[in-house]
Amino acid sequence: MSKLEVQPAAEADTRPPSHLFYLSSLRRPLVDHAEGIYFWTKDGRRFIDGSSGPMVANIGHSNRNVLDAMKRQMDKTTFAYRLHFENEPAEELARALAGKLPQGMDRIFFVSGGSEATESCIKLARQWAVATGQPKRWKVITRFPSYHGGTLGSLSVTGDDALAETFTPMMKVMPTVPAPTAWRDRDNLSMEQRGIRYADMLEEKILAEGPESVLAFIMEPIGGAATAALVAPDSYYPRIREICDRYGILLIHDEVMSGAGRTGKFLGGDHWNCRPDIVALSKGLGSGYAPLGALAAPMRLVEPLLASGGFQHGHTYAGNPLACAAGLAVLGEMDRLDLIANAAAMGDVLMAELKGLQKRFPFIADVRGKGLLTGAEMVADPETLKPIDPASKATQRLLDHAYARGLIIYGRKVKGGVDGDNFMVAPPMIITAEQIGEMISIIGDSLEALAVELDLPVEG
Numbered sequence: 036m037s038k039l040e041v042q043p044a045a046e047a048d049t050r051p052p053s054h055l056f057y058l059s060s061l062r063r064p065l066v067d068h069a070e071g072i073y074f075w076t077k078d079g080r081r082f083i084d085g086s087s088g089p090m091v092a093n094i095g096h097s098n099r100n101v102l103d104a105m106k107r108q109m110d111k112t113t114f115a116y117r118l119h120f121e122n123e124p125a126e127e128l129a130r131a132l133a134g135k136l137p138q139g140m141d142r143i144f145f146v147s148g149g150s151e152a153t154e155s156c157i158k159l160a161r162q163w164a165v166a167t168g169q170p171k172r173w174k175v176i177t178r179f180p181s182y183h184g185g186t187l188g189s190l191s192v193t194g195d196d197a198l199a200e201t202f203t204p205m206m207k208v209m210p211t212v213p214a215p216t217a218w219r220d221r222d223n224l225s226m227e228q229r230g231i232r233y234a235d236m237l238e239e240k241i242l243a244e245g246p247e248s249v250l251a252f253i254m255e256p257i258g259g260a261a262t263a264a265l266v267a268p269d270s271y272y273p274r275i276r277e278i279c280d281r282y283g284i285l286l287i288h289d290e291v292m293s294g295a296g297r298t299g300k301f302l303g304g305d306h307w308n309c310r311p312d313i314v315a316l317s318k319g320l321g322s323g324y325a326p327l328g329a330l331a332a333p334m335r336l337v338e339p340l341l342a343s344g345g346f347q348h349g350h351t352y353a354g355n356p357l358a359c360a361a362g363l364a365v366l367g368e369m370d371r372l373d374l375i376a377n378a379a380a381m382g383d384v385l386m387a388e389l390k391g392l393q394k395r396f397p398f399i400a401d402v403r404g405k406g407l408l409t410g411a412e413m414v415a416d417p418e419t420l421k422p423i424d425p426a427s428k429a430t431q432r433l434l435d436h437a438y439a440r441g442l443i444i445y446g447r448k449v450k451g452g453v454d455g456d457n458f459m460v461a462p463p464m465i466i467t468a469e470q471i472g473e474m475i476s477i478i479g480d481s482l483e484a485l486a487v488e489l490d491l492p493v494e495g
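Read left to right, the sequence shown gives residues 36 to 495 (my numbering).
Treat the hints as calculated values from the structure; they're not laboratory data. C-beta atoms are modelled at their ideal positions from N, C-alpha and C, and glycine is treated no differently. Every clue listed holds true.
Cβ-Cβ distance ranges computed for the label pairs, FRET-style:
1. Ala133 / Leu65: 34 to 44 Å
2. Phe202 / Pro273: 29 to 39 Å
3. Pro425 / Pro213: 17 to 27 Å
4. Pro339 / Glu127: 19 to 29 Å
5. Gln347 / Pro326: 14 to 24 Å
6. Asp416 / Ser225: 23 to 33 Å
7. Asp48 / Pro425: 22 to 32 Å
8. Lys106 / Thr351: 15 to 25 Å
9. Arg395 / Pro246: 43 to 53 Å
Start from the sequences, fold in the hints, and give me the full structure.
If you want it as structure tokens, here you go:
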């Protein structure tokens, strides 16, 4: 069977009903094992992990050096409560992580995932304001659309109506500014001018809310699931920093998806030499080997908290020695295999291939991203950018076509979770040019099938 052919359907599912209530009525194949960029299922099918599961498995699956490091730690201890003991893996990982972050960003607080990381950032910012005599500062401005997590605190700064609506009565929803979707704008401004205009919307919002009440601005330097790898014009980033400085507002970078080397720099913001005040990390930091995330901040923010009684926040598994041993080994493999450089080089290959698909399929209106965090947005009319009819479920159809052909990619609505079709391609950082070619062939076949189903334009 050709690798590009639709894989044969699994035999009749004889498994008992699942007790996992987060599963829909659609059952997925039972995974057997994974290695590198591939998964294999119990029934013998192979899948390319083209979204790193999603955007977690940065160094690939079943890395032997990471597994060995975890085994060595398991033979010592798998848990040590942080208020009772310090542990070497946490101390060493904090030191190694600080060495990869912007200068001065050397105070680390470990958590178990992205939602915990962003919520920790928000709580650190608020406690800093109170400790420094600024208790009126509590508003965290965010972008719409955006995604920063699923806990009530992180959801309050998430610009996604589909996710937030049910829970809105239970939380304090924060002010928003438009995400910098400059590629959609139909005006006479240059991209540089558009970047400034979008950044200035933050200043307008600060003034409207009252500068004395605004605590922070949270953003993804390179968009994640909510905007499909959206990249702002270069002028946007320094202007945002300038505005935050002008009003004494903390700049929080959510690097949960874009951090840990995926974009060809350790942090997505490093592409523009950004100077965030607080950084959230997760996903690729543990690379799927253990639940792991982190908050990073400078001592100037942490010291007032410590002097006023400490960080009023924490989680049971914060600084878990097994998770930190995994994270330390992940960083070690990233360096040993020079994976950040590979992410940059293979990102160039992937972007060129995606732009080739854009020429072939004009309903792909935009291709964007950095390194191995890429996205493509699909529309019904590339001239007017009229969206594809939501009832057609174009994104899910495309994902299903790719899945049937042995490739896992990702996508969700990019207009507040309600409208806007896209797909994201974000394979592990170990990927080769040949493997990218295989992915692109499958994506091309899947787009062809989608175009036939929805009568979308195809060149040639």
